[in-house]
Amino acid sequence: YYVVLHNLSNYRPEIFLKNLMGNRMKNDILNTALAGALLAISCLYNVANASIINIDMATQAGIYNGTGAASDTGTFWNDAGTVNGTYQNLLQSDGVTATNIGLQLRGWGGTYNYSGANKLTYDRFYGPSTGYAYVDINGLSANTYYDIYAYASYWNSQYSVDGAAPATATGNSLTTAWVEGDQYVKLTGLADAMGNLTLTVYAGGGSEWTTIAGLQISDSVAANAVPEPSTLAIFAIGLMGLASRRFKKPA
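The working numbering puts the first residue of the sequence shown at 1228, with every later residue one more than the last.
Just so you know, these hints were derived from the structure itself, not from any lab.
Check the hints yourself; a few may be wrong.
Taking CB as the label site, the calculated pair distances span [unchecked claim]:
#1 1400 - 1325: 26 to 36 angstroms
#2 1292 - 1390: 14 to 24 angstroms
#3 1292 - 1420: 18 to 28 angstroms
#4 1357 - 1321: 37 to 47 angstroms
#5 1341 - 1417: 27 to 37 angstroms
#6 1357 - 1389: 13 to 23 angstroms
#7 1358 - 1298: 27 to 37 angstroms
#8 1399 - 1421: 14 to 24 angstroms
#9 1368 - 1344: 28 to 38 angstroms
#10 1399 - 1420: 19 to 29 angstroms
#11 1419 - 1315: 13 to 23 angstroms
All residues carry an ideal CB built from backbone N, CA and C; glycine is no exception.
All chains should be modelled from the sequences, with the hints used to inform the complete structure.
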């Protein structure tokens, strides 16, 4: 009883409340710092793990199973072998992860293939020499940027996303030593409010035919819309430094 009474007699509510508020502020700052660190780690993960969808067109020579020009190690390619076909729920390059993304091909005239080791560029869809052919992409995230890698085969072809300035691939080399402007072009497009994006292809540079041999769709541009990883790391470290200073007692 003496101990209890002694403690009660020394109880000072103003000190208790001050300590309570101080601890609460410390916890708030610590929680903020931890949240900043988790945000940085999460964004770093998203930047490093952009999803890639590979599509091999006109697969008469077989389905390609290697890597493309996009920065990705996945080797699975969706089979789009039918002229002007529709393809839905395409898989990511790991061959396992399903998506809502699909394709509609239109305006293409037929398929052609050469004999060779590179199954991606040795077969192709061809279109008119004076008109246009299209690849309509659907199921994308609305109002989101995507990188589109379009692969040519043998003939010069020009590629454009939703009316943007076209890029030309000569298609001269059919090897897998991917060179931009030769076997492929890289375009950036913005999906509309419905998640749609259209790739327009037409003959360029005196080419006789419009061609497409493959496609890669990457959301890496969307991931890069967040602050750079280094910026996020500095932000998180700054928050943790602020928290550590709050804990220090004045000398």
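Status of each hint after checking the structure:
1. 1400 - 1325: 26 to 36 angstroms: Hint holds: Cβ distance 34 angstroms, inside 26 to 36 angstroms.
2. 1292 - 1390: 14 to 24 angstroms: violated (34 angstroms)
3. 1292 - 1420: 18 to 28 angstroms: violated (36 angstroms)
4. 1357 - 1321: 37 to 47 angstroms: Taking Cβ atoms as reference, residue 1357 and residue 1321 lie about 40 angstroms apart, which means the hint holds.
5. 1341 - 1417: 27 to 37 angstroms: Check passed, 35 angstroms falls within 27 to 37 angstroms.
6. 1357 - 1389: 13 to 23 angstroms: holds (22 angstroms)
7. 1358 - 1298: 27 to 37 angstroms: holds (34 angstroms)
8. 1399 - 1421: 14 to 24 angstroms: violated (37 angstroms)
9. 1368 - 1344: 28 to 38 angstroms: holds (36 angstroms)
10. 1399 - 1420: 19 to 29 angstroms: violated (39 angstroms)
11. 1419 - 1315: 13 to 23 angstroms: Given range 13 to 23 angstroms: holds, Cβ gap about 18 angstroms.
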